[in-house]
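There are 2 protein chains.
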Amino acid sequence: MSVRVALLGCGTVGTEVVRLLEDQAGDLAARVGAPIELAGVAVRRPGRHPGVRQELLTTDPAALVARDDVDVVVEVVGGIEPARSLLLQAIKSGKSVVTANKALLAEDGATLAEAADAAGVDLYYEASVAGAIPLLRPLRESLAGDRITRVAGIVNGTTNFILSAMATSGAGYAEALEEATRLGYAEADPTADVDGYDAASKAAILATIAFHTRVTAADVHCEGIRTVTAADIAAAEGLGCAIKLLAICERVPGAGRGTAAGGAGGVGELGAPESVSARVYPAMIPLSHPLASVGEAFNAVFVEADAAGQLMFYGQGAGGAPTASAVLGDLVAVARNRVGGGRGPRESAYASLPVRPIGDVLTRYHVSLEVADRTGVLSAVAGEFARRGVSIAAVRQTGGEADGEQSAREQQGARLVVVTHGAPDSALAATVEALAGLDVVRGVESVLRVEGLGRPVSTLGVAG
Amino acid sequence: MSVRVALLGCGTVGTEVVRLLEDQAGDLAARVGAPIELAGVAVRRPGRHPGVRQELLTTDPAALVARDDVDVVVEVVGGIEPARSLLLQAIKSGKSVVTANKALLAEDGATLAEAADAAGVDLYYEASVAGAIPLLRPLRESLAGDRITRVAGIVNGTTNFILSAMATSGAGYAEALEEATRLGYAEADPTADVDGYDAASKAAILATIAFHTRVTAADVHCEGIRTVTAADIAAAEGLGCAIKLLAICERVPGAGRGTAAGGAGGVGELGAPESVSARVYPAMIPLSHPLASVGEAFNAVFVEADAAGQLMFYGQGAGGAPTASAVLGDLVAVARNRVGGGRGPRESAYASLPVRPIGDVLTRYHVSLEVADRTGVLSAVAGEFARRGVSIAAVRQTGGEADGEQSAREQQGARLVVVTHGAPDSALAATVEALAGLDVVRGVESVLRVEGLGRPVSTLGVAG
Numbered sequence: 001m002s003v004r005v006a007l008l009g010c011g012t013v014g015t016e017v018v019r020l021l022e023d024q025a026g027d028l029a030a031r032v033g034a035p036i037e038l039a040g041v042a043v044r045r046p047g048r049h050p051g052v053r054q055e056l057l058t059t060d061p062a063a064l065v066a067r068d069d070v071d072v073v074v075e076v077v078g079g080i081e082p083a084r085s086l087l088l089q090a091i092k093s094g095k096s097v098v099t100a101n102k103a104l105l106a107e108d109g110a111t112l113a114e115a116a117d118a119a120g121v122d123l124y125y126e127a128s129v130a131g132a133i134p135l136l137r138p139l140r141e142s143l144a145g146d147r148i149t150r151v152a153g154i155v156n157g158t159t160n161f162i163l164s165a166m167a168t169s170g171a172g173y174a175e176a177l178e179e180a181t182r183l184g185y186a187e188a189d190p191t192a193d194v195d196g197y198d199a200a201s202k203a204a205i206l207a208t209i210a211f212h213t214r215v216t217a218a219d220v221h222c223e224g225i226r227t228v229t230a231a232d233i234a235a236a237e238g239l240g241c242a243i244k245l246l247a248i249c250e251r252v253p254g255a256g257r258g259t260a261a262g263g264a265g266g267v268g269e270l271g272a273p274e275s276v277s278a279r280v281y282p283a284m285i286p287l288s289h290p291l292a293s294v295g296e297a298f299n300a301v302f303v304e305a306d307a308a309g310q311l312m313f314y315g316q317g318a319g320g321a322p323t324a325s326a327v328l329g330d331l332v333a334v335a336r337n338r339v340g341g342g343r344g345p346r347e348s349a350y351a352s353l354p355v356r357p358i359g360d361v362l363t364r365y366h367v368s369l370e371v372a373d374r375t376g377v378l379s380a381v382a383g384e385f386a387r388r389g390v391s392i393a394a395v396r397q398t399g400g401e402a403d404g405e406q407s408a409r410e411q412q413g414a415r416l417v418v419v420t421h422g423a424p425d426s427a428l429a430a431t432v433e434a435l436a437g438l439d440v441v442r443g444v445e446s447v448l449r450v451e452g453l454g455r456p457v458s459t460l461g462v463a464g
Numbered sequence: 001m002s003v004r005v006a007l008l009g010c011g012t013v014g015t016e017v018v019r020l021l022e023d024q025a026g027d028l029a030a031r032v033g034a035p036i037e038l039a040g041v042a043v044r045r046p047g048r049h050p051g052v053r054q055e056l057l058t059t060d061p062a063a064l065v066a067r068d069d070v071d072v073v074v075e076v077v078g079g080i081e082p083a084r085s086l087l088l089q090a091i092k093s094g095k096s097v098v099t100a101n102k103a104l105l106a107e108d109g110a111t112l113a114e115a116a117d118a119a120g121v122d123l124y125y126e127a128s129v130a131g132a133i134p135l136l137r138p139l140r141e142s143l144a145g146d147r148i149t150r151v152a153g154i155v156n157g158t159t160n161f162i163l164s165a166m167a168t169s170g171a172g173y174a175e176a177l178e179e180a181t182r183l184g185y186a187e188a189d190p191t192a193d194v195d196g197y198d199a200a201s202k203a204a205i206l207a208t209i210a211f212h213t214r215v216t217a218a219d220v221h222c223e224g225i226r227t228v229t230a231a232d233i234a235a236a237e238g239l240g241c242a243i244k245l246l247a248i249c250e251r252v253p254g255a256g257r258g259t260a261a262g263g264a265g266g267v268g269e270l271g272a273p274e275s276v277s278a279r280v281y282p283a284m285i286p287l288s289h290p291l292a293s294v295g296e297a298f299n300a301v302f303v304e305a306d307a308a309g310q311l312m313f314y315g316q317g318a319g320g321a322p323t324a325s326a327v328l329g330d331l332v333a334v335a336r337n338r339v340g341g342g343r344g345p346r347e348s349a350y351a352s353l354p355v356r357p358i359g360d361v362l363t364r365y366h367v368s369l370e371v372a373d374r375t376g377v378l379s380a381v382a383g384e385f386a387r388r389g390v391s392i393a394a395v396r397q398t399g400g401e402a403d404g405e406q407s408a409r410e411q412q413g414a415r416l417v418v419v420t421h422g423a424p425d426s427a428l429a430a431t432v433e434a435l436a437g438l439d440v441v442r443g444v445e446s447v448l449r450v451e452g453l454g455r456p457v458s459t460l461g462v463a464g
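Protein chains in written order, with UniProt numbering: chain X, 1 to 464; chain P, 1 to 464.
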């Protein structure tokens, strides 16, 4: 008996999947209890794959998926179609599937999960989030007897490389993006990464598993890093912070209910049920926070659960071999099930919690304003915050050092930086909008959220 | 249909298991597809468990395990017997088992695994290593399609708390142990923790899973922390290092074979096959190494695999709730299998690699000697290293500052610290023994291994 695999796609990841299957054939057979054999590899241009045995190559993925001698379909092409149709075709014909397709899972994971459930086959997708780092299996299985309250961290290697490069060299965004592209950390069209969509897809997948609630990409508030400047990075450093693109998924407690998590980031209205929040944005975090030292294209994710407490997972979030490692892990699980009978855990989305819009979530802002240097500026600015119930944690005004003639000072202007305490994001956003409209505010230079303060993280040197 | 659980033991961990089962009954039923019910709880003194429904309590664990209405046995008592007999009895009567028993698994895991295999039932033990941190499932399942080369880190909370306290306060070992006991981080008899046996059991379990090779506690070289002094901690800090009790499991490449891992810590003789090493000892590691910032009772484990690269797992390594989280995760997995049919992955020990004794493994020593301050001392000491092929990386002599009369200097003595390059541990140990016998050496003050240098770890600030 053998387990026969149809591989869809043979790019960076697919090539490594083929290599790992060949290099480890003996070990895999011992671990599975039967050999894993490649039945075929569907590609667009067979000529471009000299390393793959030619008889395996085909340009007809649908025909490959339809074959009776195929047990498992592994999809590493990406994109919504034709991947979705091919995977559904595979599932409906009783084949188990392993995929790395974050965009598809975040947009329409429900369809795949329901089809897999109905057909009684496995659907695994560890490789869709955080590359080599075992993350989905721990969330779905190891913490299946616990209540996860928060999953947050760095899940996109491209943007982390760019922000790390900006911090290391003082370079601006465009220059760092260029370096990332040159070194292969960014694709020719980096939009999905730099605009946060990749991280948002991953956040949707993480939130779905963590909270047993279907969360799609559309539910995830998403801001990228295009507007992060070298000045922002320097300002952050001056505050003892780094800037990272964070994916944050957390439970938001309902009002009037005891929550074991306590202060998990939101305040519900009276009688409001528990809900969840999922968002992606660049944020300042203390340099002492472990996430601040995650450099280059590495990923790191913090998980908090009621009984387990705080966990952290760290490793390579992207790349051919790391992603292929995750694919192979799922493939062995699926193959073991084909050999021994049985299935992996089904999707669990029974909780069906509402998804909180970003406006309702408590966040903190770091706002940098260019202001006129004259009487009443601070009062006007502070008034806008107070008017919306936003408490200020820190203020710093610089640049108004020139004394002397009022007109000279006025011309020069000053910079006013405000760091708030936690407040509903909508109140903070409304305050910024109002500030932009004030006469005395010449411009809003920068708005960045602040995370990781005031959360009793661990003894990894983070202030509680 | 329900899944009925017999719980053996109701101490710190068992109490939390009961609480989690009750508090999350609805969620667990939704996730499993059937309710999980406690059939009985075996304890020694029923009067001591007022929080458990009295009708569940029994003082006859064997009778509880024998009941036909029990599907799963969860063992959180610890120790070799009667746990082994009870678990074997459970397995042989077709019940799946979940255990946290590191000592039993490290000493006789093979017997349990073979019995579980023969009976076709699940055997899970995530809670036996690293508390709440999902570690065994990732090693066994997520990395099942990869080749793990190294698993190393901090796996004992008691000793990590003690060493952290010594580093923070400058306290000596005895004082730090007292504080640990007072705060509940150390048991009344701390031997298993401070002598390294607990970490060694965990190393055996980790190595077995990582290398598909049966490794028992007896195979693990084990040194504890009783001999670590405040002076050692200070010396380490002076070198930019911290002292941690490390568990290190790694492949040792055979000679003449290409190894993807490269330099994984050992040199095989010509034609020698690949082997594995498992050891526990206190060691100096650079303060910049992520493990150095793991404080208090937290655990952290680095895993290296050929395709995945470097991974790190971090979290609470002990405690009632964290350990219970791991137990519950396994219990849900087992319950899902009972409901849906199927089994988890069987033990995989097919590789049967030889276990390398510590003597053959390349390590580095930090040796602190009290020496006579006179002519020829350095030459004599250096000669012992050279004679055994041990290369010296750094030397520092202090205390011989007093100039003047030879007799005065001789009386005062000096301290000589030598840090070696990598060499077979047996050569290093033999050198130390020879040094102790030299006239000019008044005493060997301290010998500590050095780890984490020269290993290209990551961009977490560690020098390659």
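Derived by calculation from the structure, the hints in this document are not laboratory data. Honestly, I wouldn't trust all of these hints.
From the derived model, a few chain X residues whose C-beta atoms are all more than 12 Å from chain P [to be verified]:
1. T59
2. P273
3. D330
4. A429
Derived Cβ-Cβ restraints for the label pairs, each shown as a range [said to hold, decoys possible]:
5. R226/P to T181/X: 52 to 58 Å
6. G51/X to S391/P: 51 to 57 Å
7. P35/X to G26/P: 40 to 46 Å
8. T191/X to G184/P: 48 to 54 Å
9. G240/X to G33/P: 45 to 51 Å
10. T229/P to A429/X: 41 to 47 Å
11. V339/P to D68/X: 56 to 62 Å
12. T229/P to A393/X: 43 to 49 Å
13. A393/X to A429/P: 33 to 39 Å
14. E114/P to G26/X: 19 to 25 Å
15. G33/P to G359/X: 34 to 40 Å
The structure presented is a predicted model; accordingly, all values stated were derived computationally and were not measured. Don't be surprised by glycine CBs; every beta carbon is placed ideally from N, CA and C.
Structure-based check of all given hints:
At roughly 27 Å from the closest C-beta of chain P, the C-beta of T59/X stays outside 12 Å, upholding its exclusion from the interface. No beta-carbon of chain P is positioned within 12 Å of the beta-carbon of P273/X; the least distance is around 15 Å. For D330/X, the condition that its CB be more than 12 Å from all CB atoms of chain P is violated, with the nearest at approximately 8 Å. The beta carbon of A429/X sits about 34 Å from the closest Cβ of chain P, which is more than 12 Å, so the claim that it is off the interface holds.
Taking 52 to 58 Å as the suggested C-beta distance range, the pair R226/P and T181/X conforms, at roughly 55 Å. Take G51/X and S391/P: their Cβ atoms lie about 42 Å apart, and the range 51 to 57 Å is violated. Under the hint 40 to 46 Å, the C-beta atoms of P35/X and G26/P, about 43 Å apart, fit the expected range. Checked against the hint of 48 to 54 Å, the C-beta distance between T191/X and G184/P comes to roughly 52 Å, which is consistent with it.
A beta carbon spacing of about 49 Å between G240/X and G33/P agrees with the range 45 to 51 Å that was offered as a hint. Take T229/P and A429/X: their Cβ atoms lie about 57 Å apart, and the range 41 to 47 Å is violated. About 30 Å separates the C-beta atoms of V339/P and D68/X, a value inconsistent with the hinted range of 56 to 62 Å. With their beta carbons about 44 Å apart, T229/P and A393/X fall inside the hinted range of 43 to 49 Å.
Restraint check, A393/X to A429/P: a C-beta distance of roughly 56 Å breaks the suggested window 33 to 39 Å. The supplied range of 19 to 25 Å is met by E114/P and G26/X, whose beta-carbon atoms lie about 23 Å from each other. The beta-carbon spacing between G33/P and G359/X, approximately 37 Å, falls within the hinted interval of 34 to 40 Å.
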